[in-house]
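> Chain A is fixed; fit chains B, C and D onto it per the hints.
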Amino acid sequence: MISKSVKQSAWFFVIPVVFLVAFNALIPLMTVVNYAFQETFGDNVFFWEGLTWFEQVLNSDRFHDAFLRQIMFTSIILLIEVPLGIAIALSMPRKGPWVSVCLVLMALPLLIPWNVVGAMWNIFALPDIGLLGYSLNAIGIDYNFTQQPISAWITTILMDVWHWTSLVVLLAYAGLTAIPEAYYQAAKIDGASKWAVFKWIQLPKMKRVLTIAILLRFMDSFMIYTELIVLTGGGPGNSTTLLSIDLVKLALGQFDLGPAAAMSLVYFFVVLLICWVFYTLMMKNEQQ
Amino acid sequence: MAKISLQDIRHSYLSNPRLDVDFALKHIDIVFEDGGAYALLGPSGCGKTTLLGIVSGLVSPTSGRVLFDEDDVTDMDTIHRHIAQVFQFPVIYDTMTVFDNLAFPLRNRKIPETDVSSRVLEVAKMLDLEEGIHRRAASLTVDGKQKISLGRGLVREDVNVMMFDEPLTVIDQNMKWELRSKLKELHQNVRTTMIYVTHDQTEALTFADEVLAFKPVRQLPRLAFVLNMSDSVSRVSR
Amino acid sequence: MLDLSWMAWTWPTAGFFIFILLCIVSMGIWEKFSPGGGPRRGVFGIDTTRGDRLFISLLGSIFIFLVWLWAFSTPLWGAVMLSFIWALFVFLRV
Amino acid sequence: MNSNRRTAAIPLYRLLVPAIYILFLMLPIYWLLSMSFKTTNEILGGFSFFPRDFTLENYIEIFTDPTWYRGYLNSITYVVINTVISVTFALPAAYAFSRYRFLGDKHLFFWLLTNRMAPPAVFALPFFQLYAAIDLYDTHIAVALAHCLFNIPLAVWILEGFMSGIPKQLDEMAYVDGYSFPRFFVKIFMPAIASGIGVAAFFCFMYSWVEMLLSKTLTSVAAKSIAATMTRTASTAGYELGLLAAAGALTIIPGAIVIYFVRNYIAKGFSLGRV
Numbered sequence: 001m002i003s004k005s006v007k008q009s010a011w012f013f014v015i016p017v018v019f020l021v022a023f024n025a026l027i028p029l030m031t032v033v034n035y036a037f038q039e040t041f042g043d044n045v046f047f048w049e050g051l052t053w054f055e056q057v058l059n060s061d062r063f064h065d066a067f068l069r070q071i072m073f074t075s076i077i078l079l080i081e082v083p084l085g086i087a088i089a090l091s092m093p094r095k096g097p098w099v100s101v102c103l104v105l106m107a108l109p110l111l112i113p114w115n116v117v118g119a120m121w122n123i124f125a126l127p128d129i130g131l132l133g134y135s136l137n138a139i140g141i142d143y144n145f146t147q148q149p150i151s152a153w154i155t156t157i158l159m160d161v162w163h164w165t166s167l168v169v170l171l172a173y174a175g176l177t178a179i180p181e182a183y184y185q186a187a188k189i190d191g192a193s194k195w196a197v198f199k200w201i202q203l204p205k206m207k208r209v210l211t212i213a214i215l216l217r218f219m220d221s222f223m224i225y226t227e228l229i230v231l232t233g234g235g236p237g238n239s240t241t242l243l244s245i246d247l248v249k250l251a252l253g254q255f256d257l258g259p260a261a262a263m264s265l266v267y268f269f270v271v272l273l274i275c276w277v278f279y280t281l282m283m284k285n286e287q288q
Numbered sequence: 289m290a291k292i293s294l295q296d297i298r299h300s301y302l303s304n305p306r307l308d309v310d311f312a313l314k315h316i317d318i319v320f321e322d323g324g325a326y327a328l329l330g331p332s333g334c335g336k337t338t339l340l341g342i343v344s345g346l347v348s349p350t351s352g353r354v355l356f357d358e359d360d361v362t363d364m365d366t367i368h369r370h371i372a373q374v375f376q377f378p379v380i381y382d383t384m385t386v387f388d389n390l391a392f393p394l395r396n397r398k399i400p401e402t403d404v405s406s407r408v409l410e411v412a413k414m415l416d417l418e419e420g421i422h423r424r425a426a427s428l429t430v431d432g433k434q435k436i437s438l439g440r441g442l443v444r445e446d447v448n449v450m451m452f453d454e455p456l457t458v459i460d461q462n463m464k465w466e467l468r469s470k471l472k473e474l475h476q477n478v479r480t481t482m483i484y485v486t487h488d489q490t491e492a493l494t495f496a497d498e499v500l501a502f503k504p505v506r507q508l509p510r511l512a513f514v515l516n517m518s519d520s521v522s523r524v525s526r
Numbered sequence: 527m528l529d530l531s532w533m534a535w536t537w538p539t540a541g542f543f544i545f546i547l548l549c550i551v552s553m554g555i556w557e558k559f560s561p562g563g564g565p566r567r568g569v570f571g572i573d574t575t576r577g578d579r580l581f582i583s584l585l586g587s588i589f590i591f592l593v594w595l596w597a598f599s600t601p602l603w604g605a606v607m608l609s610f611i612w613a614l615f616v617f618l619r620v
Numbered sequence: 621m622n623s624n625r626r627t628a629a630i631p632l633y634r635l636l637v638p639a640i641y642i643l644f645l646m647l648p649i650y651w652l653l654s655m656s657f658k659t660t661n662e663i664l665g666g667f668s669f670f671p672r673d674f675t676l677e678n679y680i681e682i683f684t685d686p687t688w689y690r691g692y693l694n695s696i697t698y699v700v701i702n703t704v705i706s707v708t709f710a711l712p713a714a715y716a717f718s719r720y721r722f723l724g725d726k727h728l729f730f731w732l733l734t735n736r737m738a739p740p741a742v743f744a745l746p747f748f749q750l751y752a753a754i755d756l757y758d759t760h761i762a763v764a765l766a767h768c769l770f771n772i773p774l775a776v777w778i779l780e781g782f783m784s785g786i787p788k789q790l791d792e793m794a795y796v797d798g799y800s801f802p803r804f805f806v807k808i809f810m811p812a813i814a815s816g817i818g819v820a821a822f823f824c825f826m827y828s829w830v831e832m833l834l835s836k837t838l839t840s841v842a843a844k845s846i847a848a849t850m851t852r853t854a855s856t857a858g859y860e861l862g863l864l865a866a867a868g869a870l871t872i873i874p875g876a877i878v879i880y881f882v883r884n885y886i887a888k889g890f891s892l893g894r895v
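Protein chains in written order, with the numbering used here: chain A, 1 to 288; chain B, 289 to 526; chain C, 527 to 620; chain D, 621 to 895.
One chain only, chain A, in its complex shape (with noise of 0.2 angstroms):
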């Protein structure tokens, strides 16, 4: 680490990204804090609610369900990813040609357009014409993911993991890469297992780097939108419409843009409280 100095006209170097970010970020934000605590018929005309958006949604039976989706959805994809995206990473081969291989294939996914990511899920997992619904159907699985909400779900997951579980073993893998020779050949020398050095070596070097990937995985699992209003469009009924497919539905669909703002500020916040625990733990990790 480079002990910095102390050297206040450095924010002349970051006035000009904060302010292209807060044109960006600060001037919706504030639009939709104003929406929030107002209604609405179009055509910019708005009337005081105050707080009637927040308590409704505090109290409604679809604010608390789509809650608790979302938070399974996160809590499955990361319990997949995170350990998925390790073992595929420790398995990796160091050094030599297939490096660059494995990479550049697994990497694949995470450049392809969010929709694209939808709509080949979709017709991969069609039950009639899909290489996977077919597939399954054919050896005696059930599957429909357009009527059955299981099906759907299992779908999504596995499109997730599929999109997203390269950004693991890349972040993983860097890690793992960073480590010095050094460390396996002490571990040898004291004897230590595969799993010992994996619990004492590995593992704690690659902390940093999973803590971003689970803080990345965090928030964009969180936000899913665009491949997953392509796959299921929330359906079937209402089995997977996470947060971001309810917030759309009740904004643009019924067009009830206070509660639909309410809402997304919510969100927000709970999005950012569990981020700041989890960047505090990261940048405390880093000090030491």
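Honestly, the hints are just simulated from the structure, not real lab data. Hints may be right or wrong, so weigh each one.
Said to hold, decoys possible - Using 27 angstroms as the maximum straight-line C-alpha spacing, the simulated BS3-like pairs for lysine-lysine come out as follows:
1) A:199 <-> B:398
2) A:7 <-> D:726
3) A:4 <-> A:207
4) A:7 <-> A:95
5) A:205 <-> A:188
6) A:4 <-> C:558
Chains B, C and D only, in chain A's frame:
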């Protein structure tokens, strides 16, 4: 404890070495007597670290034999050779306490916890690590960490040889002297064979009973010759 | 002049943002005239500077308000009191 | 450092795990490609693993119909503009974060991070109105600026990570040698972190390319993005799966090309430059 003999060792990092320059080590014949303190002296890149690796089993020589006493250990695992090594940069297990760090090699060898505890405390005392022994090892200064690396070798009683690969590189000047005399003192107490790699002449001379000088590989004459020379010229007996 | 009517400003929400802005500015001025020094370790075992404490106070207050609203509905005077106590606690102890 | 002949060869069963994973990754992509070479009749007619009547019709339509290929051109245009803006703005900021401490630096850093946290769905509406109000709606620059929201923080993070790896002595030596700051920054510092700049640019490109909600919201005709074009096909032209698959397959190519250039830095870049 054992006498260590390297017989006609050659090593190359290439898979298919043909020319002499392909070899990092060529024709090494050395005997490290039991209980001796040796220093390998030479500039970086002359194959000292490779030599240590061959003794510890981290590197398999391209040809030649490694004997511990009369046993051929050339193809034996590192763990069964019962050696200890201290690296250039301190290697510690960050998330463990100092105590657990020192106990690690013993616990891996399934030694009863009561013996582990007494042995660790003994070594900690030897190295002045008793204070804050239950603190996280990561909180120590760099010389404290290097002492832990050293301690993990000392806790084991079956060690055939302790090797040091430029262990004082990252230690600052005044601590260097202290650690060096500590090592010397330790050698007198435990009488394990010690091999000490360095490019610093003073370090080599203060530590070792015998100094083996290396010359860079690229430069002629070859190592074999240098080692012959070392018998007559640079082998400083004290 | 830009038409900003779509932003739907109201005095209460504007007041809220001005309050946040004032908080940040006054923290800056406070820091300039009486530097708070390095971070300290508080009761939660985390290192905080003054700015962190402001952030924790504000974020905590938001949740106090939300929970109060959910549990007791309006009026929110109790939540205001609690937030004030929370902020005081954070600045003195965390 | 020490290659060991006993451990140099990785056991084959360990390569099995990445191999199976990659196979899993490739299956949906294969299906997309396979669909794109099928005729609509074949797709709707039933299941077939390989295209039976292999056809390039779908691709031909995309390359001849301006609404299609303009979608790609528009997307690439705003992505490139965004990448240039993001990296240019992020460079000095990242330098400040990596070299100096200043009032509120840590909070600023965290605030930059929070911009990924807002649910985009509802925020899209104010975005639309904001860019309409400043008369930029349906321009490339609008999307490019909007994507700065998440790309600038990302670029700052990555660049800061790489810059922290450059010893401060480099700066000091340059000043001693009489370099002015701008000259030092461009002539010495930027070449020193060239790989970091490459990686940051790659990530800005990637995130701008894959993001679809804002780009769809902020464009209608003149700067219509490929996402909007695809949505239109899906809804108006019935269900032309083959065409949709071909369009989707083509969106993979730009990403695949840029990834090739940064393949050796991908892993480090994803960890935001700090491992």
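> Any of the earlier hints contradicted here, and which numbers?
Number 4 only.
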